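K.L.:
Residues per chain are reported as follows:
2 protein chains.
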Amino acid sequence: MKDDKQSDLPIGVFDSGVGGLTVLKAIQEALPNENLIYLGDTARLPYGTKSPVSIERYAIQAAAKLQEQGIKLLVVACNTASAVALDSLREAMAPLPVVGVVEPGATAAVAAHPGGRHLVLATEATARLGAYSRAITALDPQAVVREKACEMLVSLAEEGWSDGDIARRIVRRYLDEADGHDPDTIILGCTHFPLLKDTIQGVADAGVTIVDSASTAAEAVCDALIENSLMRDRDQPAQLRLLATDGATRFARVGGQFLGHDLSYKDVELVDL
Amino acid sequence: MKDDKQSDLPIGVFDSGVGGLTVLKAIQEALPNENLIYLGDTARLPYGTKSPVSIERYAIQAAAKLQEQGIKLLVVACNTASAVALDSLREAMAPLPVVGVVEPGATAAVAAHPGGRHLVLATEATARLGAYSRAITALDPQAVVREKACEMLVSLAEEGWSDGDIARRIVRRYLDEADGHDPDTIILGCTHFPLLKDTIQGVADAGVTIVDSASTAAEAVCDALIENSLMRDRDQPAQLRLLATDGATRFARVGGQFLGHDLSYKDVELVDL
Numbered sequence: 041m042k043d044d045k046q047s048d049l050p051i052g053v054f055d056s057g058v059g060g061l062t063v064l065k066a067i068q069e070a071l072p073n074e075n076l077i078y079l080g081d082t083a084r085l086p087y088g089t090k091s092p093v094s095i096e097r098y099a100i101q102a103a104a105k106l107q108e109q110g111i112k113l114l115v116v117a118c119n120t121a122s123a124v125a126l127d128s129l130r131e132a133m134a135p136l137p138v139v140g141v142v143e144p145g146a147t148a149a150v151a152a153h154p155g156g157r158h159l160v161l162a163t164e165a166t167a168r169l170g171a172y173s174r175a176i177t178a179l180d181p182q183a184v185v186r187e188k189a190c191e192m193l194v195s196l197a198e199e200g201w202s203d204g205d206i207a208r209r210i211v212r213r214y215l216d217e218a219d220g221h222d223p224d225t226i227i228l229g230c231t232h233f234p235l236l237k238d239t240i241q242g243v244a245d246a247g248v249t250i251v252d253s254a255s256t257a258a259e260a261v262c263d264a265l266i267e268n269s270l271m272r273d274r275d276q277p278a279q280l281r282l283l284a285t286d287g288a289t290r291f292a293r294v295g296g297q298f299l300g301h302d303l304s305y306k307d308v309e310l311v312d313l
Numbered sequence: 041m042k043d044d045k046q047s048d049l050p051i052g053v054f055d056s057g058v059g060g061l062t063v064l065k066a067i068q069e070a071l072p073n074e075n076l077i078y079l080g081d082t083a084r085l086p087y088g089t090k091s092p093v094s095i096e097r098y099a100i101q102a103a104a105k106l107q108e109q110g111i112k113l114l115v116v117a118c119n120t121a122s123a124v125a126l127d128s129l130r131e132a133m134a135p136l137p138v139v140g141v142v143e144p145g146a147t148a149a150v151a152a153h154p155g156g157r158h159l160v161l162a163t164e165a166t167a168r169l170g171a172y173s174r175a176i177t178a179l180d181p182q183a184v185v186r187e188k189a190c191e192m193l194v195s196l197a198e199e200g201w202s203d204g205d206i207a208r209r210i211v212r213r214y215l216d217e218a219d220g221h222d223p224d225t226i227i228l229g230c231t232h233f234p235l236l237k238d239t240i241q242g243v244a245d246a247g248v249t250i251v252d253s254a255s256t257a258a259e260a261v262c263d264a265l266i267e268n269s270l271m272r273d274r275d276q277p278a279q280l281r282l283l284a285t286d287g288a289t290r291f292a293r294v295g296g297q298f299l300g301h302d303l304s305y306k307d308v309e310l311v312d313l
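Top to bottom, those sequences are chains X and L. Residue numbers for the first sequence follow my numbering, beginning at 41 and rising by one. Residue numbers for the second sequence follow my numbering, beginning at 41 and rising by one.
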């Protein structure tokens, strides 16, 4: 039975796949009392290779599915959708507050090193969209930003090979390829990359600040809940629902790595958009 | 202007993405006089995470698009589509001859080591479908087959990191994970993996036969052309057309690595299915 108290409604989190579970996990850690509902549009991933018009349409469909379930805030836990469709989502979902992953990451990077040099590790699609560069230079025109596509880091995270020698060598190679940029911050501009945070920190020069866009998004969610008086105050156990549009078995297997505990396919509800 | 001589028609090759270009390249090498037309359904890749019903529908749409252009033979250069939809495609396209990638690979492996032990390196989706195991044991009930998902090899090939230290370590790790199987043959059960053939051969025990399913598919195309009296006998330059359903720029960049020469996005025609 749905509780009609607004603050008891879940926070809706959506991504094209399982990557956004790193954002979900960061929200769980920051806000353990909050009910959460996650939707991974696994039937249509990856969004990154789709046209902006399609990405916008998919994102709005996914958001509408979460809105149907009753949510109090929407988190766009997908860099591509955040880059392409955030304004349209805000318009379509108004007055629901909508938090993306790009703005909080950009804000944290600028706060850490004003006028600094930022290296954004991302998927090819996100890097091409240049959303972090725009968001950072809008906040800090002196900042110097480089976005670097690192597709192998996605498969490392999905394969569960986030640490060890192979991971270090791959991270080293990408950082070497971006050499000469000499960053003050490295922004994890893909929701998969928080799994590789320790490896990246270990390989990067000492003194480089790693900006984890999952944690920074969770902080932005916190702020938005306070601002909209939507923080859940009950001391009752929080609920979590996981929805996916395809492949519950794979979602459970890979998603378990992202959440840091085992999932069964029975934990995943299949939905159509 | 379309030549109405049947043997002058192109061979149609389709895949969910760029991987099938390794098959196209093997066909070009084996049959340099043949006209070729390639269709990569890049808007809907990967097929592997889709349901069998969707894969069958997509494969038939892609085949019909190639048939519209006029082709004399269809090659299903996609392991997932070969595993799921080959019978339906043969029925839908009859009397057009249809060649998949699984059967020729299985046949070559059995011929190399009757009663042998076969290790199939594949994507997670192909490994799960078990099509190589079925095809091999149908030909040779004594054969022992293990299918091993090796997703990182896909991204290695797409990143252009097919040789070198990182590639060797990743291949080594997968072969170690399949240890105890002690194979006589290693079957490259993903169209991306022919790019890694030398690396895999270098890491595998001496004496292991590598079965390259791109080359074996090209041989099967050769046989089918002879059987159906469709071999092109003209001594005129062969034509190649490349079609994709999305992302011409990425198709050209990654596809160039697969074909072994530079492609421009202008070489790729975008089509709708």
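Just so you know, the hints here were simulated from the structure itself, not pulled from any lab data. Wrong hints could be hidden among the right ones.
Identical copies look the same in the list; a pair holds intra-copy or inter-copy alike.
Derived DSSO-like pairs (lysine-lysine); straight-line CA-CA distance at most 30 Å [unchecked claim]:
#, residue 1, residue 2
1, Lys-188, Lys-306
2, Lys-237, Lys-188
3, Lys-45, Lys-237
4, Lys-188, Lys-45
5, Lys-105, Lys-188
6, Lys-105, Lys-306
7, Lys-65, Lys-237
8, Lys-65, Lys-45
A quick note: this is a predicted structure, and the numbers were derived from the prediction, not measured.
K.L.:
If a hint holds in the structure, say so; if it doesn't, say that too.
P.N.:
Okay, the hints, checked on the actual structure:
Proximity of Lys-188 and Lys-306 under a CA criterion of 30 Å is satisfied inter-copy only: 25 Å between copies versus 37 Å inside one chain copy. Taking the closest pair of Cα atoms, Lys-237 and Lys-188 come within 30 Å of each other both inside a single copy (16 Å) and across two copies (28 Å). Proximity of Lys-45 and Lys-237 under a CA criterion of 30 Å is satisfied in neither setting, with 37 Å inside one chain copy and 60 Å between copies. Taking CA atoms no more than 30 Å apart as the test, Lys-188 paired with Lys-45 passes in neither setting, with 44 Å inside one copy and 50 Å between copies.
With identical chains, the CA atoms of Lys-105 and Lys-188 are never at most 30 Å apart, being 33 Å at best within one copy and 36 Å at best between copies. Taking the closest pair of Cα atoms, Lys-105 and Lys-306 come within 30 Å of each other only inside a single copy of the chain (20 Å); across copies the shortest separation is 39 Å, beyond that limit. Proximity of Lys-65 to Lys-237 under the C-alpha cut-off of 30 Å is restricted to the intra-copy arrangement: shortest distance 14 Å within a copy versus 39 Å between copies. In this assembly of identical chains, the alpha carbons of Lys-65 and Lys-45 lie at most 30 Å apart only when taken from the same copy (24 Å versus 62 Å across copies).
Hints 3, 4, 5 from the earlier list are contradicted by this structure; the remaining hints agree with it.
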